[in-house]
Structures are given as C-alpha cells and as structure tokens.
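Visitor: Chains as they are written, first to last, in our numbering: chain A, 1 to 270; chain B, 1001 to 1520; chain C, 2001 to 2352.
Careful: at least some of the hints might be erroneous.
[Said to hold, decoys possible] Stretches of chain A that chain C covers, calculated by requiring three or more beta carbons in the stretch to come under 8 Å of a beta carbon on chain C:
no., segment
1, 100-110
2, 177-185
3, 201-210
4, 246-252
[Said to hold, decoys possible] Ranges of calculated distance between the beta carbons of each label pair, as one might list FRET restraints:
no., chain 1, residue 1, chain 2, residue 2, range
5, C, 2117, B, 1121, 26 to 36 Å
6, C, 2204, B, 1168, 44 to 54 Å
7, C, 2330, A, 130, 32 to 42 Å
Since the hints were made in silico from the structure, they are not lab data.
Here a beta-carbon is modelled for each residue, glycine too, at the ideal position from N, C-alpha and C.
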Amino acid sequence: MRRLTLVTGLALVALLVVAAVLSLGWTPHDPTLVQAGQRLQPPSWSHWLGTDRMGIDLVSRLMTGARSTLLVGVAAVLLAAAVGVPLGIWAGMSRGLAADLVLRAGDVLLALPALLLAILLVAARGGSAATVTIAIGVAAIPVFLRLANAATRGVMALDYIDAARMAGISRAAIARRHVLPNIAPLLGVQASASFSVAILAEAGLSYLGLGAPAGSPTWGRMMRDGQADLFLTPWPALIPGLAVALAVLGFNLLGDGLRDQLDPRLREWR
Amino acid sequence: MPAGHTPAGHTPARVLAALLAAVATAWLAACADPSPSPGGDSGAPTASLVVGATVEPPTFDLTQSSAAAIPQLLLYNVYQTLLKVDDAGQLQPLLATGHELSADRLTYTFQLDPAARFASGAPVDAAAVKASWERLCAPVEEAAKRRCSSPNSVVATPLSLVDEVTAVDATTLAVTLVRPSNSWLYDMTSSAGVVIDPAADNLPVHPMGSGPYQVDSWTVGDRIVLARNPNYWGAAPGFEQVTFRYFADPSAMTFALQTGDIDIISNLTTPSSLAELEADPGFNATSGTSTGEVVLGFNQARPVLQSLAVRQAINHAIDSQGLMDTVWAGQGRLIGTMVAPSDPYYEDLSQTYPYDPDRARELLATAGATDLELSLRVASDLPYAPPAAQYIASQLAAVGITVTVEEIDWNRWLSEVFQDGDYDLTIVAHLEPRDIERFADPDYYWHYDSAQFRQLLTAADQGDPADYVAGMRQAARLLAQDAAADWLFLLPNLVVSRAGLVGVPVNASSLSFDVTAIRP
Amino acid sequence: MSIPTQPAEDESHPARPPSAGTAFNTTLRGLNVLQGLAKRALWFAGSLLAASGVIFLIVQTLPGDIAQATLGLNASPEALEAIRQRWGLDRPAIVRYLDWLAGLARGDLGSSYRSGQPVAQQILPGLAVTGWLVGLALPLAALAAVPLGAVAALWRRRFPGAVASGLSQVGMAVPVFFTGVLLVVVFAVELGWLPANGYTPLTGPDGDPAQWWRHLVLPVAVLVIAQASLLSRYVRSGLVEVMTEDYLRTARAVGWTRWGALRRHGTRNVALSVVTVLGLQAAALLVGAIIVEQVFQLPGLGSALLRAVAQRDLPVVQGIACLLVVAVLTISFLVDALYLVIDPRLRSKARR
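Using the sequences plus the hints, can you model the full thing?
Guide: Following this line, the structure appears as structure tokens:
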C-alpha cells in the first residue's frame, strides 16, 4: 500500500518532469503558432488530443504547460523556503523577543489570505506567471517558517546539540551541520505538498482571470481559454483540468509516500 | 426538465453527465422541488422577466459616467428621450410627437406629447425638458458655447452644440443650435437627450424618469430589479417586474438560460454556444447587428506608428476573417472603418488592406521598420480582447514584428492606456452608435491627427443634408486609407430568449437593451 | 482560492494524545489558562495593528483609481480631479492611514467610494451569503470526513482503506471549477432538479426559504467534496498515530478491545486535529470560496472583494481585508484557547 503510494506519486511526477524537459527540445507542433484553419479539431493522428480555439495543438501546449507549471511550483516553493526556512531555524535556535516577533509576523502573514494577496498583486502588476508565482510563494512563507521553527526546536532538544554547543561550535555551524540535515526530509515532504497547492492555485487564479495572459502555456490559462468553447467541445478545458488533477495527485501521493518512509513508527506497526 | 434540451450530440460532457445522472441518489430527487423554476416551461404568462447581462453599471448616473452598462439598463426603459431609435435604427417619436427644422437649419421645434408624465406624476412639459438639459449644460452668457458639467462626452458633445432652449408653451420646445448639424437630432436619442425629473436629487442611486419601468432595487454584484411604473403615461408594459442579472462567468449565463432561471441572454459573449442554443426549439436565438466596432488602436503619438507604411503593414498582416473565426466563432461582420452597417453612410471598406503578409513585409522594409517591437496592452475583463491579442501577436510575429501582450484589469486600462496613452497597440470595442467623430479629436487616446479628416467631418455635418451621406463616406474612406486603426470586426448582437417571448430586440441599434416592447 | 491550504501535519500544533496519568492542581490550572489567554489577547491586538498597516500599504500601491472606475471611458480630467478631492485622495498617505485607523478604533470602516454607503453595510450582505455557504459546508464536510478517514485508517493496508484514501486524494486533486460545472450540468441542466446558479436570500423582503435552500445545495456540495477530502486525511493520520502509540498497545495488552481503546484515546486526538483544521479552513474560506461563488454566481464576500478591487473602491477592499484578518486571528485565538483547556501538555507550555 505504502509502496504503491510512493511509486504512483513518483511515476506521475516523473511523467510531468519528462514532458517538461522534452518540451525544451521537441513538441509535436509549435505550441504558440495560431492557425485559424485548424481550430477546435477533434483528436487525430496529427493532433493526438485535438486543437484549441486558436488551432494550437493541445499536446504541445500541454507539454510546454508542464514546464511552466513546474517552474511556477519550483520558484514559488523556493521563494517560500528561502525566506521561511532560515528565519524558522533562527527563531527555533534563539529564543527571545526577536524570535517571537518573527514568528508572530509569520502568523500575521498567514492571517492575510493567499487569495487576498493574489488579487491585490495582480491588480497592481497585471496577470503574469511571475505575479502568480510571487503571490503563491509569499503566501507559503509562513508555512515553511512554522514548520522549520517547530522542527528546529525538536532537534535543539536533543542531547548531542548540547554537547556540540559546549564544544564551542558556532551557532551557524550547528544550524548547517546538525539542524538542517535533520529537518530536511520534513521540508521535502512539505515542498511536495506545497507543489500541489501551487498548481491548484495557478488554476484557480487563472479561472478568476487573475493568471497569465491568453495563450500562455500554463494549464490554468488553458482551462480558461477552453472555457469559452465549453458548449461546443469540452476537450480544450477538460484536458488541462485532467493534467492539473493528475499532477496534484502525483505530488500529494509523493509527499504521503515520503512521509510514510520517514516515519519509522508507521513502518513497524502491526 | 425545463426549457427542453435537445441532444445536439454525444459530447463527452454529456456522456459523463448521463453516467453521473444514473447514479444520482434518491434523496436529491426527494428534496427537489417538482414545480419548474420561474420562467420555465410552465407556459403561463409570467409577471416577471429576467434578463441576463454581463457588465454591471458602476452607478445609475449616466450624466456623469459613460459606462455603457448604464444606458443598457436605463435608456428607454427608465429614462426617455424626445425621439428614440427603434430596432431597425430609425428615429421614432417618444416624448415628442413631432418636430420641425427651420429653413436656416438652426432651430428645431418639438411638439411634446401632452400625456407624458414622469413616474412621480409631474408632467413632462417643455419647461421640464429645458431644466433637464440645462442641468447638464448651462448656458454661458458671454460665450456662444454652453459649458457642460458632464464628463460623459456622449452627453456633452451634442449638448454643447445647443445655443438656446426655449419653452414656447407647455408642449412646444424650441432648440437653437450654434451651427447646423446633421447628426444632432440622432445624437439626442442617446444619453444626451434623456429627460430627467426636475425633482431628482440623487441620480447615482435613484434615477427618476418617465419610462414604463422604474428602478426598484439593486443587489450589488448580482441583480437590479426594475418594477412597472404605475403612473406610466403610455401603453402598459408587458411585465410587472424586469430583473437584470449580471453574470461574471459567461457559461453560467448560458446554464441559467437552459435551466429557465433567466428568460433572455441580452448579449451572448460565448458565441460558440450559439449553434447549440439555435438548434434548441425551446429558445429563439438571433444574430443582429450592433454598433460595436472592435478596434485595434495604434498610439500615433509614437513616432514609429506615425508612419503610414507601418500602420498599413499591420493592417495587411492581420487576417481579420481568421481572427473573427477564432475569436468570435465567425459571428460578426468585417468592416474597414469606424462605420457600422446600420449607419446611413456605411459602405464595405473591409478590403482596403486585404490580408497579405508579403505586402506587409515589403511595407515594413520600405519604412525601415524591421525588428519592430510593440506592446499590446488589453483589458483582461473583455471577452474578445485577450484571444484577439494572442491571435494578432502570432500574425505580427510572422511578418517580423515582436509583440508583447500584457493583460491588465479594466481600471488600469482606463488610467494607463486610455488616459495616459502608455501603450503601442490596444484592443477595445467602441459601442456607441455613430462614433466616427472620435477620430476628430487629436487628444483622444489614438492621437490620430488629421486636419483633412476634421474638415471633411465638419463639412458633412454642417452641409446640405442631401450631401451628408456622401460627405461622411468621404471622411470614413479617408480614415480607412490612412489606416488610422485596424477595425478588426463588428461585434454581432447575439440575443437568445425563451421561446414564446415576443418583441425581443434583435439589433443593438442604440446603447439600450430596450425591454419596453417585450411581451410574454 | 478555494484550494485548501494544507498545513503540514507535523506542525506546531501536533495532535498528540494526552500523556496518561496527569493530575493538576486546579488553582494553578486556572491561573495558567488566564495568563495564557491574556498573552494571546495582547498578541491579537498587535497582530491586528501590524496587519492593518500591511493592508493599507498594499492597497495604496494599486494603480488606477476610483474616479476612473466610476466615470468610465469618456471622463474629463477636471471631473476626475473633483472626485479625487471629494474622497480626500489628495491628502498624504500617512494622514489617510491614521484617519482610517482612528475610524477602525471607533468601529467605523469608512464609506464606500462607489456608493457612499458605510463599508460595513456594503460588506454585510456578502458576508451573509458566504457565511451560509461555509457554515453549512464545513460541518457537513466534518460529518463526511470522519467515517471516510476512519475507514482509511483502520483498513489502511486493505482494499476499503485504499478506496477511501483514493477518494480523498481525488477529491483534493480535481479543480473546484470542474466539480462545480459537472454538478451544474448533471443536476441543473440535464436533470433540472436544481437551479444552475444565483442566490435568493433566506429572510428579508425578497427572502424565500425554499428557493434559498435550492440555490445552496450545489455550491455547498462542491465545497463539501473538497473539504471532506482534506479533513479525512487529518482524521486518518490522527487515528493512525494513535494506533501506533505504545500505550495503545499496552491498553490492548491489558484487555481493552481495539475498538474500545480507539474510542477512548482516538476520539480526543482526532477531535483536536479536526478542530484545528476546521478553524483554519473556516477563516480561509471566507474569501477562498470565491471560485465556488463565481461558478454559481453567488454574491458572496470573495466576489465583493474582487469587485471592489476592480473598481478601486479602496475603503471596501480595506474593510474586507480587515474583516478577514480579524476572522483568522479570532479563530486561531479560539482554537488556541480550546487547546489550553483541553490539552494539559500544551497548558504547561503556555507557562513558559
């Protein structure tokens, strides 16, 4: 069961990565070339999944879409982790007012709903993949902050940290050598979960008209573009939606599988 | 099932739907209301009409705001004018039973309908009309011109041509113009000519007119309810209540029609669903003409776009038919200038610069404009603009112009593109009827500056009415040849209504969605 | 976004079962709780102040303005300037902020630029719609999540558990927009049982309880599917955690049945994590239900926010944002307080 979770998750994520990497060098058709004569074609030998309202091949757009989906996810998670993790570790190692303030600032950020941030950012900067990434990333900062902080406190309670401290090892070195390696697996699990949140968020923002501009190779925008022809043919909206669902499923399963692997208690039960 | 659905084909959504329907649980069936929803196929004449629309008005004050959603709701339904434009685009008497023009073509004399009353019961007499117009544009003693407080140019432009308004007697109104104008009478059928109850003191919230309906309630973000005006002076309208529901999601509007939650789609913005709705005997779908020109605007304050060859090249590079097919499901009409087919001076100029990418490349080369980079900024809220931008970017790339598309919200578009002119190319539909005179203003956001065009336009407007059409055609042709913009296509007026309703407007000949003639 | 934010399960509020055999002096206990509550109340006020500053700052940087939004395409510059002056937009930002803050302290959110109405009055109808939507959906989601999660935990290596886990995974992965459109096509368009979209208030002059309920069935169902899927994961992991604890094995060894032991220890553990997640989701969904609101054309709070931003009706934007922050903080305050009362271990932490 547990293996199946991990393997299915890995397989789905691998599919996404392969499609994204492949799209760098090859797609069946040009993913941006508008061809009025080819619009809304049903699936065929030349267009495996048909074409959209602009006559663009859906497979090609889906593949480039995998790339931007990964990019948005990676960039957002990196942004959140780059800010949240160091702060969280620092706050976890040094107690006091400053650390408390940082944590509380994270809580304030958590109290500002992600959607509010996204709506305001898009109104201010216009809809684009970059804006969406920033909105998702900023909203995820407190999640990483709180997780890193809680995990660091756990590590700091261990005896050998005390020993290292008494041996005169600097705090930065302790953080690097002992804390980070210990909490890295947990962060990995969270990153996987944050990926699926980012993918769904991109789709949701695009649905609200707050995403990347028309024709952008993101799955959310593909869904929105396809929506205009929902009554004529549901494929152009349905297919990217399915891709979103599979990718989210993949990252969730991967995260679950990883966590199960990490938690020895779960392994030995029964 | 209300409003009978015909299986137009086994689309995958249908198959999936049927599957899910099969496993639908019994409790839902038990709790479902067996009576059809209002406006369904009950057949009995309903006292209420529900109209689906897309853009909600920001305010009710059409003297201050030029948002097209306000006259869509209020013009003719709540506010009336002396003359109105009917569905065919012809002038018809409304508050005035007749009018005469003096020999010097400077003075119009209107005979008002003695029966006309505001919803408040006060008479719509000559004094009331004079007061209403002067409320917007006060006479200025020293200057010949009037000063118009209205920021809405649709209101201000025709009213500023007025020199004097005289109430000759209760039902006779004399209007003297500063110069003869062939377009003035027509322009006064729109927001400029509405007669507002002199007792009105809160126009943004409480419009007071003389029409068959009056505003009853407004649930912001959802609906505006019009109720029958009990004091209406003319024939009683068809409904006790007319509700305008505003839909942010266009497919939701189509669903609402299919389930009988609304009776009319005032303007379908998902033209690809027209075929399915047309095939359904439960609905009447019509494709009429509008006055909404979808304009690819060139910012001619930019040196590179001041070059005629570059503008011509862009016109040649874009396949308008293909664009209309992809963006608006082939619905609409190709035009080649700022004139709609319903205008008297219309002629087909759509082939002035036919699709010819080779010619476009040549022109760009002669202008020395290779490696051109242009920004195309469009409002994301407009259903046609983002796909049109995508299409145009792809076609201009084919002739060597790099276009960067940016989608911004309507508010930013208004302030940055429209007001500040921070753009190279943009796309927006100009909905007002007979709005060719916009190109006469060099400060307007296109910055098209042609003394010859202005001279042609004024000459046609002031000149002999017999020469009006010819004169306007000359002006319109100059605009087309100058490639002052690329007129992509004319929006169709796609109206879908529940079968059985009569009097539903077919064309958008004015800004009003005129519900006064609709009967159950 | 109606996408549930997934707090990591190993978070700062770990749902752990209380350690056995703790006996507390009741006086000390009350004192600790009071102390903890006072400290949290102070943080609450500080957070609110900080958040109000952040909100004001972001809102002020929005390009475009209300004057433009109201006057439209053909507005003259003089008319724009007049409107800006009317709303005091020509004053320095810091003055406007302090002015707004002073109003907040009095409980006055200011007036809408668009309608001139008090902001509170402008927000309330939307809050009522979203309140019903979320208020109905979350308890139903919890009701559905407990059996789903229990099945997933108890048979987690067998077929029923896999099915239950799979269902919750799928429920979380499918975009809300899809579930919504699918339900509309099936139950409104094809079967004609329910209206496709729209809203009728429960009470008031246009109120109609029958129509109100019919309009809410589908949107509530969509939310329940998404939220129950998310919640069931917490129920599952809460139960799995209990099942792996040593003392549970001990309990079984001394003669408790597996069910009895689970009922006794599992209930509290699961209740704690479910309460936490429900609290977080309730706050997030006040605006996060916006996609459901759009699909079903419900005039809720999220849609009001979107509209206010589009019109640059800044007092309304600030008002809604503040309302959300207050809601989030209040709920997490309540959840914290609940923890203090329920979980003795955290009580001792609060003392530090």
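Visitor: Give a verdict on every hint.
Guide: Do the hints match the structure? See the list:
{"no.": "1", "hint": "100-110", "result": "holds (count 5)"}
{"no.": "2", "hint": "177-185", "result": "violated (count 0)"}
{"no.": "3", "hint": "201-210", "result": "holds (count 6)"}
{"no.": "4", "hint": "246-252", "result": "holds (count 4)"}
{"no.": "5", "hint": "C:2117 - B:1121: 26 to 36 Å", "result": "holds, 29 Å"}
{"no.": "6", "hint": "C:2204 - B:1168: 44 to 54 Å", "result": "holds, 50 Å"}
{"no.": "7", "hint": "C:2330 - A:130: 32 to 42 Å", "result": "holds, 34 Å"}
Checked against the numbered hints listed earlier, the structure breaks hint 2 alone; every other hint is satisfied.
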